[in-house]
Structures are given as C-alpha cells and as structure tokens.
Amino acid sequence: MAQVKVSDLKKAYGATEVLHNVSLVVEDGQFVALVGPSGCGKSTMLRMIAGLESITGGEIEIGDDVVNDMQPKDRDIAMVFQNYALYPNKTVKNNMAFPLRMNRVPRDQIEKKVAEVAEILGLTEYLGRYPKQLSGGQRQRVAMGRAIVRDPKVFLFDEPLSNLDAKLRVKMRAEIKELHQRLKTTTIFVTHDQVEAMTMADKIVVMRDGNLEQFGDPLELYDSPANKFVASFIGSPAMNFLEGKVEGKKGGLTFVTAAGLTFPVPDKYAAIAGQSVTLGIRPEHIEMEGEGSDGAVPITVSVVEPTGSEAAFVLRSGPDELVAVKRGRSNFAPGSTVWIRPEPDNMHFFGADEQAIVPAA
Amino acid sequence: MKTPAFIKRVEWLPIFLLAPVTLIVIAIIIWPILQALSLSFYNTRILNYNEGRFIGLLNYVVLWQDEYFWNSLKVTAIYGLSTMLLTYGLGLTFAMLLYRPLPARGFLRTIFILPWAIPEVVAVMIFVWMLDPQFGVINHFLMQLGFIDAPIAWLSRSNTAMPALVLVTAWRAFPLAMLILLAGLQTIPKEHYEAAMIDGAGPIARFFHVTLPGLRAVNVILILLLILNSFRAVTMIYAMTRGGPARSTETLSILTYNTAFDYQRIGYAAAQGTVLLFILLVLSIIYFSFALRDRKSS
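Protein chains in written order, with our numbering: chain P, 2 to 362; chain V, 3 to 300.
Just so you know, the hints here were simulated from the structure itself, not pulled from any lab data. Check the hints yourself; a few may be wrong.
[To be verified] Between beta-carbon pairs, the in silico distance windows are: (1) V:A207 - P:Y14: 25 to 31 Å; (2) V:A207 - P:T125: 23 to 29 Å; (3) V:P22 - P:P89: 53 to 59 Å; (4) P:A239 - V:A207: 44 to 50 Å; (5) P:T125 - V:I287: 38 to 44 Å; (6) V:V222 - P:E120: 36 to 42 Å; (7) V:F290 - P:A167: 39 to 45 Å; (8) V:I287 - P:G40: 46 to 52 Å; (9) V:I115 - P:T125: 48 to 54 Å; (10) P:D152 - V:I120: 56 to 62 Å; (11) P:E18 - V:V222: 51 to 57 Å; (12) V:L20 - P:N90: 40 to 46 Å.
[As the list claims (entries may be wrong)] Below, computed lysine to aspartate or glutamate pairings styled on EDC-like, alpha-carbon distance capped at 16 Å: (13) V:K192 - P:E28; (14) P:K74 - V:E13; (15) P:K185 - P:E28; (16) P:K154 - P:D224; (17) P:K178 - P:D203; (18) P:K327 - P:E306; (19) P:K327 - P:E311; (20) P:K74 - V:E196; (21) P:K204 - P:D224.
All C-beta atoms, glycine included, are put in the ideal place defined by N, C-alpha and C.
If we strip away everything but chain V, and leave its shape as in the complex, we get (with noise of 0.2 Å):
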C-alpha cells in the first residue's frame, strides 16, 4: 500500500516526542476543568454523583444572587490586597537592608527564606499554637507587656481573624518577594546611585529616584503574582479558620471548597470554581503579558 503524501510530509519526531506531556497534560489539567466546567451545568450532588440533571445556566444565576458568593469576593478582595501590600513591603525592607554589605548576609539570607521553606501546614500550625487563646505566647507576651489584659481568641473573632490570616500569609510568602526584589536590585546598576549621590539625591530622594524606578518591572509581575497566589490560597486559610468565623474569611477558593465538600453541592461549587478560574485566566494574561515584554525589553 502506498503511503498518502500528506503523511510523508508531517514531521512526526517532535510530535512523538512531545504526545507524552501533552497526554498527561491533557489527563491531569484539560480534561478536570472541563469536566469542572461541565459539572457547572448540573445540579449534582456528591450523594448522586450520578444522577445530577441539567440545568443549564441556572447555578449561575444563584450564584449572581448569592450574597455568599459576593462576601466572598469582598473577603478575597481585602485578603489579596493586604497580604499583597504587607507581602511587598515586608520584602522590600528585608531586600533592601540585605542587599547591603552585611556581616554575615549569606547566612541571613538563608535566615530569612526559611518561612518560604518549611511546609504550609507546618507554617500554619505553629501559628495556630502561638495564636491560641489558652496556650498561645503571642497572648502571653501582649498580657505581660499590658497591652492587653485578658487573652484574646484571634482565630475567632470577625475582626481579628483577618488581620491574623493576613500577617501568616504575609509572614510566610514575604521571603519569595523578597528573592525576586533581591534580584531587581541587582540589576540597577551601581552607577545610577552614584550619579544621585552627586547630583544631591539623599537616601529617601534615592529610593524614589532610583531605587523604585528600577524595580518597576519587578514590582508589575511580583505584585500580579502574589495577588494570583490570593486568589489560589485554600490550605492556609483552610487551616486556620476555614473562612470562619462568620464568614469573616471565606474567600471564593474557601467558599468553593466549603460549597463542595461541607454543603456537598458539586454543581454549584462548580460553577464557583469556574469564576474563579476566569479571574485567574485573566489575571494570568495580565502577568504573561508583562513578563513576556519585560524578557522582550532585555
């Protein structure tokens, strides 16, 4: 049998050589969301998994009524923000006070990744201890120093349990930033300092001048990425309050789990899943768009 010639023509090695990741590509990412997206259009629940009925576009219109849904983005919204904010600024304090000749500043920069290090639920863990209301040293240490004066349940009250989440995310993501700062700084060149030492630039003008301008495409992507790393958080906060108390917490990957898993409404924590995933796709082709001009410009 004679081969067709359109086969002749095809290059088969690359497409044999790549069929594998793709297929696992396809297996472990494609084919879930699809079937997430899928799932969004019925009203399946984890007891008849089954025997769901479609409903087409009904569970977003729930989810468009559902006050939930939008305390979620609210919550996700004040989350991304502040641990974005602290994360950053955080970072940038410890790259700029080790960017310069320490004694000893290999040693404290290995110090200072170790929170990025260690696992999230270890991280998460230790936190919970130092926050409890009973045990906790952070009460402790507050009621010994009289700032307060009866232990305070941080995980539990509405007002609290943010700020905490927020100072753990911050605590344990800042050394990422600060990596990446670390590495923005490095490449201003020594020169442009010098040429502002010169032309009368004190530390402050300095930093606004030289310092800040030469992060910038640094700070475009970092601060895209720690915002899409918000968005994506569920073990910590899961962790440590579960989006409680009152809801004070639950972010929209929070409440997606909690739709899925507590309230067993697949269908519908489908299509919560969905939003989130189109955030996320957008806030993706924001940051590539970024990193793709940045690495274009150098």
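Chain P on its own, in the form it takes in the complex (with noise of 0.2 Å):
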C-alpha cells in the first residue's frame, strides 16, 4: 500500500494541453473517486498513473518512487478497465493467475492465491470457464480478481460500472466499497457519474477541462462547493440557480430576481449588498407551504415527480423556476399555488466569477 502523490501534472497532445497543472495527495489506504464531465481530463489522469500515457510535465510519486519514466509493470498497480479487458482466449483462472505468471510467481503460489480471491469474489465455481460465458457482473469480478491477486500498492478503476446495467451497478458499487474496506489498498476510481463518486469514495477529486475543480470529503462538496460548477455537478436532483441581486433594506438583506422573485438573504452575506449574484439553494432545502406565511413566496406547482419515498416539484414563477424535494407525500398539484422559502443556513451564493461567495463568520 503506498501514497500517490501527484503534483503540477500536465498532459499536452501537441499544442493542445488538456490536464494543466493538477496537484493532490490520495494518502495510503484512500478511496478517491475522479469524477467530471466527460472530457475533463479524469481518465488521462488515470492512465497517466498507470503509466499508460507519457507525462508532459509534472510528477508522480507511488510510495517513495517517482514513477514518471517507469514502466507500468514496475509501477506495482493494478488497473480494472471499463471494458473489462478480460483475455478472451483465457479461462477465468488464466485470466487471474496471468498477472503471477508474468511475475514468475510459483505454480502453487499462484493456485493458491487464485483460489483464495476466486472465494472472495465468488468466482470458484467459474474458474474453468472463458469470458464469453460470463455475464457483466461476473466478468467485472473477473477484472477484479485478476487486479486483487497481486496485491498491488495501488489499485486504478477507468469507469468499471459503466458497462452494466443500473441494478447491477448499485450491486458492485457495495461490492467494490466492501472490499476495499477489507483490503485498505489505496484506490482511485474513476467514474463521471457523481453518485458514484458519493457513495463510495472517502474523497472526491472534482475535474473539469483538465483543472482540478475541488477536492475533499464527499459531504464537503455537497455542503461548501467551491463553486457554481462543483454546486451543480455534485447532487440529484441538481441545484438550482437563478441570477439577481442582493439588496439591503430596513429590514434586512433581500435577494430579488429580474421577474420579482424575493428571499430573504441572512445579515452574514451583508459584504454583498448591491451586487449581482447567483443563488444556490438545493432541492431539499426549499420549504413548502400550502398557505403563505411570514418571509415565504408563491409559486406556481407546473409539475410534479412522485417516486413513492418523495416527490420532485417543479416551480415556475415567470422566467424563474425551481425544483424541490419533498419526503413523503404531499397533495400540491399541478397548477396551484404554493409558498415557499428557502432555508437560510442552506443558501449559497456565486459572484460573477462563478466562485463560492464565503459568508462572514
């Protein structure tokens, strides 16, 4: 097990540079998710860990070695790909015990560790059999095992649960989070799928266009996003914005859409009296009322999303609309009025520059 220490990395094809300057630490025994768009670079990075793709400039430590110009079989790391990269002509047990082979591993070294990570992954019954005859779940066992039965310092995952369908992909998510917490072997996975990343990483590493967007605890991300991009990209539903101005009156601080729409702002934003912003405020943290009340808004209910556990309204009031989240049930239906008000505490503000606007203390 090893830290991987990556710092100033960059990646150019030619002129175009699409990693640029990246720097961060996943410590010994971390699980990391890279998450991102498609495009931002998550899985160059990946592969330039791997050794699979050159390194333009910067460097990248596993453990006390810098790793720049080594081979990938010296890199001692283990990568599961989003295909699987299974040998078809090779048996499961082949498939698994190739890695040792290749290291000169004693025959019944390597027929005793495939049969220990085969009753790990459930696979013992398979063993004899080739790629072809495996379903998706099976095959991505395959790949795990063929990456566990080294016991690498690193192990590397480019979007594995991409290929399999959503039930099967809830499943190995667990799967992959359990034995993680059995093996403690450092981890980076990449996926583009933010749930993915919440669910089972320790920290995230946000990406976009080849920058490093953020990077912390799961739950950091979703509460402080250092900006409208991390704020959208992190949660689901998504978060909701919409553009206008904080203004400082008698009796507080408001914040006042171009169609009219108020909320009160709490006194700690006072710094950004007069200034165009835009607000956050997540799905969840919009109160609803069937009648009005002090400090709330009408809206208009223009669609509502029940998936038994809660339910997912959409709000338009003019050009401005909102999606919130209620648990439970709720009778508002389409084309009534409702209240709402967002809650103080919960409200997030961006300056033009897209960046998170810190509150006084």
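Please assemble the complex out of the two chains, which come individually in their own frames, going by the hints.
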C-alpha cells in the first residue's frame, strides 16, 4: 500500500493541453474518486498514473518512488478497465493467474492465491469458464480478481461500472466498497457518475476541462461547493440556480430576481449587498407550505414527480424555475400555488466569476 | 384457359431476377465442370477430340499408378506449405510494423500493397530477369558481396528452382496477407495490450498472449486461403519454370496443364483436374465453415 502524490501534472497532445497543473495527494489506504463530465481529463490522469500515457510535465509519486519514467509493470499498480479487458482466450483462472505468471510466481503459490481471491469474489465455480460465458457482473469481478491477486500498492479503476445495468451497478458499487474496506488498498476510481463518487469514495476530486475544481470529502463538496460548477455537478436532483441581486433594506437583506421573486438573505452576507450574484439552493433545502406565512413567496407548481419515498416539484414564477423535493407524500397538485422559503443556512451565493462567496463568520 | 393453381402459387419475380445470373453460372462454371468430369471417363486427345472412347475409370486407375501424379502432389504440398509459411510470416511482420504509429504510415501501406497490385505476369517477368544467370541483378549482387563465385542458374537447377518460386510467390502474395492481418490487428482492443502491460507482460509475452490469440479467427481463414491459392496457382509457375527442371516444380495444376496441352491427353488431364477440383472443394468447404462460424460469432 502506498500514497499517491501528483504534483503539477500536465498533459498535452501537440499544442493542445488537456491537463493543467493538477496536484493532489491520495493518502495511503484512501479511496478517491475522480469525477467530472466526459473530456475533463480524469481518465487521462488515471492512465498517466498507470503509465499508459506519457507525462508532459509535473511528477507522479507512488510510495517513495517517482514513477514518471517507469514502465507500467514496474509501478506495482493494478487497473480495472471499463470494458474489463479480459483475455478472451484464457479461462477465468488463467486470466486471474496471468499477472502472477508474468511475475514468475511459483505455480503452487499461483494456485493458492487464485483460489483464495476467487473465493472472496464468489468466482470459484466459474474458474474453468471463458469470459464470453460470463455475465457482465461476473466479468467485472474477474477483472477485479485479476487486479487483487497481485496485492498491488494501488488499484486504479477506469469507469468500471459504466457497462453494467443500473441495478447491477448499485450492487457492484457496494461490493467494491466492501472490498476496499477489507483490503484497505489505496484506490483511485474514475467515474462520470457523481452518485457513484459520493457513495463510494473517502475523498472526491471534481475535474473540469483539465483543471481540478475541488478536492474534499463527499459531504464537504455537497455542503460547501467551491464554485458553481461543483455545486451543479454534485447532487441529484441538481442544485437550483437563480440570477439576481442582493439588496439591503431596512428589514434586512433580500435576494431579488429580475422577475421579482424575492427571498430573505441572512445578515452574514451583508458584504455582497448591492451585487449581482447567483443564488444556489438545493431542492431539499426549499421549504414548501400550502399557505402563505412570513417571508414565504408564492409560486406555481407546474409538474409533480412522485417517486414514492419523496416527490420532486417543478415550480415556476415567470422565467424563474426551481425544483423542490419533499420527503413523504404531499398533495400539491400541478397548477396550484404554494409558498416557498429557502433555508437561510443552506443558501449558496456565487459571484460573477462563478466562485462561491464565503459569508462572514 | 385456366391457369393451374400451382403456377399461381409460385413467386415468379425472384426466379426471373435470378435467372440471368444462374444461366451464366451454369454456362461458364457448372457446364465446363460437368464437361471435364465426363471427359475424365474418355481417352480423348486434342487431335481426335470427337473420337474419344469411353474407358470408365481407367484414367483414374492409371493416375493412381502414375509416379508423376504422386510427385506433383508432393511438389504441391511443399510449394503450398512453404509459400503459406513465408507469405504469412512476411504478412504478419509487415502488418505489425505498419500497425504501429509510423511517420508516413499511409504512404508505406500503399507501397507495400504494390506487389499485389501489379499483374502476375509482369511480376514474374521482373523476377525472371532479376534471376537470370547472365544479366540478372541478383547474381550480380551476390557475386559482388562475395557470397558466390559464379552466377547461378536459379530457375534451371532443381534445388534452387522451388525456393526461387516460393520466394516470388510469397513476395507477390504477402500484401494480401498483410492487409488481412492488419485488419485483424485492428480488431484487438487496445485495452488488452494495456492490461497485459500492467500485468507485467513484455513485448514477446504480449505477442503470444494477446496478438496471436486475437488473430486466431483471421489466421484460420488466411492460412486456408493461402493454401487454396497455391493449389490454384498456374500463371506464376508456368511463366517461371513450366514445372521444371526435372518436374521439381510441377504442381498438380501444372501437371494437369502439361498433360492437356503438351502431351495433348485431354481425357487423362481431366481426371487429374477432377482430383484437383476435389481437393479444392474440400479445402473450400473447410474455409467457408470457418468463415461462416466467424461471422456468426461476431
């Protein structure tokens, strides 16, 4: 097991730079998710750590070694690919034994190790089968088995769940997390699915256009996004954004949209009075009532999306649109008027540069 | 008059559409084959073509006892296997070289396809000149480099004629093998190589564990195709050696040709041709069964 340290990492294809000075430290035993939309550079970074892409600038350290010029096989890493990359002509057993054979591990040890890992992953009865005779989930497990048998310092996962159906994905998510808790091997996991990142990782790296946008605990990213992009990317349904202005009046601060939707703003934001800002509010942080009360704003329900355990409401007032989520059952019908109030402690403001505005303590 | 019911039931359009092609195939393929088959039961010669006598299976009995026939089978096997191996080897080598990102890769691919694109007879003529004992450039170079003291008559010596023939055949056929293998290489997922690299496999291990297994389906088809081609080869061998010297390059197809047109024994040649046809038929059936299985599994 080992720490992975990435310093000022750069990648360019010709004149096009796709990764700009990214730095981060993955602590020994941590499970870190790299998340971002496609083309953000997350897979490129993973492949650079694996040694499958050359490094244009910066440094990668695994454990105590700078691995920039090391062959993939010498980095003591294992990788699980999106399409599993199992050797089609080899049985499950031989797929799993392959890295050990290549590293000249004695035959009896290979047998023992493969049997052990197959047991952990529930693959014992499939050892004699070929990859094409397995289901997607089983193939995924074989790919993980091939990675585990070597006891590498670091596991690298490149979108390993994208080829599975939704139900299996949830199951494999839990399996991978459990496996990590058991093996405690440093793991870097690339995904474009923020739910995967949130549910599995100890820490999340959000990337966009080759830049690291934020690196932190899942809930830290959720509660205190560093900028509008992270705020919009993390959380489902996504955070609501309203363009408007913070105005200081006698009764306190208010946020007013161009269409006139007005919400009270906590005093700690006094510094931004008079500024044009974007208000961010998560759907579950909007209080909804059937009748008007102090500080609540009337708005029309345009769509109701019940899921059983909760319901999402699309609310409209002129050009302003918000999504609110309520747990349990509510009887707000489309077309009816409700009164809403954002929870003051859970309001986020973003400046013109899209960075989060930190309130006064 | 009333049209009978069964005529109404028949779908006539597909039959009309297929009829011209079917007739052409019958006229230029099926009919000659049947003609040859029937000739093989006659003692027909070119000069008395219409006076051949029916002799039953006598041609086949003679064939069975004909040492030249057995010699031609042996020569065909040697020629077929060695051209196949050399062609495959050259094809795979160049396919792997041209698969890598090289500068001017497209240009190089075009250059390497040229031997296959020029007419067979032209290719043979070029080589016949190059191998010529008096004026040939090959003897010239070998003498300059000190490998030989005197010019060698490559195509007139029984121990060099076959290697020369194999070399020229492989030179002309390898671009096809290269193209097919190049296409095969492109179907191997890049991730398999990457996984193997991470698993600790060096270039040689990657070749044996990823590349060769990945080419398996293509290999079977290609190898059969190359063997089939060597059985069918006439132009090149005829233009270079005519089967000589001393029948050392006389394959079954050349023997058939020589029997028919040099010795003018059409009936006997037809029997030889029928054996050749039978061998090709068996190989073709194997080829198509693999090709179809390949298509099904993909």
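Against the structure, the hints come out as follows:
no.	hint	in the structure
1	V:A207 - P:Y14: 25 to 31 Å	holds (29 Å)
2	V:A207 - P:T125: 23 to 29 Å	holds (27 Å)
3	V:P22 - P:P89: 53 to 59 Å	violated (45 Å)
4	P:A239 - V:A207: 44 to 50 Å	holds (47 Å)
5	P:T125 - V:I287: 38 to 44 Å	holds (42 Å)
6	V:V222 - P:E120: 36 to 42 Å	holds (37 Å)
7	V:F290 - P:A167: 39 to 45 Å	holds (42 Å)
8	V:I287 - P:G40: 46 to 52 Å	holds (50 Å)
9	V:I115 - P:T125: 48 to 54 Å	holds (51 Å)
10	P:D152 - V:I120: 56 to 62 Å	holds (58 Å)
11	P:E18 - V:V222: 51 to 57 Å	violated (46 Å)
12	V:L20 - P:N90: 40 to 46 Å	holds (42 Å)
13	V:K192 - P:E28	violated (31 Å)
14	P:K74 - V:E13	violated (65 Å)
15	P:K185 - P:E28	holds (11 Å)
16	P:K154 - P:D224	violated (32 Å)
17	P:K178 - P:D203	holds (10 Å)
18	P:K327 - P:E306	holds (11 Å)
19	P:K327 - P:E311	holds (6 Å)
20	P:K74 - V:E196	holds (10 Å)
21	P:K204 - P:D224	holds (14 Å)
The structure is inconsistent with the numbered hints 3, 11, 13, 14, 16, although it conforms to all the rest.
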